[in-house]
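Student: This is what each chain is made of:
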Amino acid sequence: MTTRRTFLVVGLAGGATLAATCWLRRTRERDSVPDMAAPLGALDADTPAIVAAIAAVMLDGALPADRHAAVTETVAGVARAVSGLAPIAQQELGELFSLLAFPPTRVALAGLMTPWADASDEAVAAFLERWRTSRWMLLRSAYDALHQLIFAAWYGNPRAWASIAYPGPPALAQ
Amino acid sequence: MIDGSLLDHDLTLEADVVIVGTGAGGGVAAETLSEAGLSVIMVEEGPLRTAREFHMSEAEAYPDLYQESAARKTKDKAINILQGRCVGGGTTVNWTTSFRTPPATLAYWARALRLDGFAVEDLAPWFARMETRLSVGPWDMAPNANNEALARGAAAIGVPTGTIRRSVKGCVNLGYCGMGCPIDAKQSMVVTTISAALGRGATLVTRARAQAFVRDGDRVRALNCAGMDTRGVRPTARRIVLRARTFICAAGGIGTPGLLLRSNVPDPYGLLGRRTFLHPAVVSAALMPEEVAGYFGAPQTIYSDHFVDTMPVDGPIAFKLEVPPLHPVLAAITLPSHGEPHARWMRHLPNLQVVIALLRDGFHPASPGGTVTLSRDGTPVLDYPLTPYIWEGVRRAFRAMAEIQFAAGAIRVMPVHGNGTGYREWSSARKAIDEFTFAPLVTPVVSAHVMGGCPLGADPRHAVANTEGRHHHLANLYVFDASLFPTSLGANPQLSIFAIVARLSAGLAATLLPGAGTARAP
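Here the protein sequences line up with chains A and B, keeping their order. Those letters in the first sequence? Residues 0 to 173, per numbering that gives the first Met the number 0, in order. Those letters in the second sequence? Residues 0 to 521, per numbering that gives the first Met the number 0, in order.
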């Protein structure tokens, strides 16, 4: 049963990936060539809004008063991290974000009825909880990737340290 | 020294010996062979970094010094692997923990795998030599509170612990070993063996990926390498050809089998890359009433082998208990779930205490380890199934860690699993652990010890390399790293790699010296 369901979701995800990839290729042809020197260069045009929406919910309870700036810095941190990953990992994450961006798969796999920029925190939280507890390993591994990228980007940022009482590394006498 | 990312032309270099990788294996081999008067080229995929470039910053260190930005995963993404990727490899970023190979492991190699010449007394002089060379000794300062809690809790329930020896000189107990030692106290390969080899004229090529060996019959003629971009993500157009009489693979577990697979070396018994072991580790977090500050102080100074020593070597899986350093990124990516439940644990970071259990894989028929294969772009990937044999040990490990943490005074213990529920007393934690349903990516599993994939042994039907470390089917190709181990070790591997490679490389030097009767390649 599990095997069959896994097969089905992998098939669905695979088909959706193909669809999304074609859609993206068309989109890319319309848009200008992405500027790799830009701070979000490793992310596709749609991805920052997705990461921002997810980060705001994942980091709920951890963000300082200026939530917007903290989320923006976290998105930039995720972009930096993605650009340092192995090419295959970058490609897999690109496919994940394509699935989340492409409206039919966003609805089918993430259960999100609205575009990410308009999604309520409750809807994003429900999506995260579904993927975290999914019976399908593929979705759990996607949750895990988002968890690792976003938490590393935020807690690697010295601005995060006051809220966790981490004093930072000691000063070294030269 | 040559930085492969900065080359503006292709390059061909020649030496007596080419060594792929500069970690515990490659570093020791480079020193031994250069000391014997042989010319040596070392090639390393990562960058050369030294003390003044180490800023105790996780955000800087993980992408720069670790394989795949410290986010290397097994094939199904269920195990996160920490492996060095810089000059010095694991010895630049490890926590300096130094154990000799456990006698029970060596006895198993002799008895079950019929491996001769690797008994405790055979290796003892090589351990002694490397312990002197790399300043391995007892740690005289008090353990930090994270380690002390392991000792205290274990003692309270009658579980013995020991103190960990460390490879440091002039250590001031900062606690940032995992980001590179900023004061050169850690006796990494960079500050010891590699410096010595460079002083004797060895060549170091950094940021160059070893792509494949070029063979002529049973001899390797050359190693083809590609320059890497400055972040180590993609090969550049620059090609580097390294020629030598003798080639040594010391690219570590996953890396060495990957290089040999790309090179299509003979593998008539289908052994290459199989039996790769990880010491799969699980994590238990506790909230202590007092400050722990697990980000400061030598990361690992206390351990317990109680759950190893009380297990038959080939019985249910045994586990070693240690603690990890608790810096914000490492803590945040390890703590489960998100939102307020995650944030609440992070807000208590100063009072967080964490124990890890490293499972001793590879000693039982139900623990065959994983298999390294090549991805579509030729990079290696490890398929490591988490089996019921492992999960049974995970359950015992969670029980042991939680009981110790409550005995140490924890006001809450969270076995890192599922949604990360914390428990206020041992009885409720125990009941919950007994009912856990373990699964990949439900129970986070981590590894910092990749071993095996090119096992050594006299019989080519069961081993990739012979007991001198030479490839069974190639006359001038050697494997000198943790991929030689035929099982996991049951202890942090760096000192075992140092000692075994010291012996193997001394043996190789003797065969390569003039008058040793080895035919030179034409």
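Careful, some of the hints might be misleading.
[As the list claims (entries may be wrong)] Derived CB-CB ranges, DEER-like: (1) B:374 with A:63: 39 to 45 Å; (2) A:103 with B:233: 15 to 21 Å; (3) A:160 with B:460: 52 to 58 Å; (4) B:375 with A:40: 32 to 38 Å.
Hints listed in this document are in silico derivations from the structure and should not be mistaken for laboratory results. Think of the CB as a built atom: it goes at the ideal place given N, C-alpha and C, for glycine as much as any other residue.
Student: Determine for every hint whether it applies to the structure shown.
Tutor: Here is how each hint holds up against the structure:
{"no.": "1", "hint": "B:374 with A:63: 39 to 45 Å", "in the structure": "holds, 40 Å"}
{"no.": "2", "hint": "A:103 with B:233: 15 to 21 Å", "in the structure": "violated, 32 Å"}
{"no.": "3", "hint": "A:160 with B:460: 52 to 58 Å", "in the structure": "holds, 55 Å"}
{"no.": "4", "hint": "B:375 with A:40: 32 to 38 Å", "in the structure": "violated, 24 Å"}
In summary, the numbered hints that this structure violates are 2 and 4.
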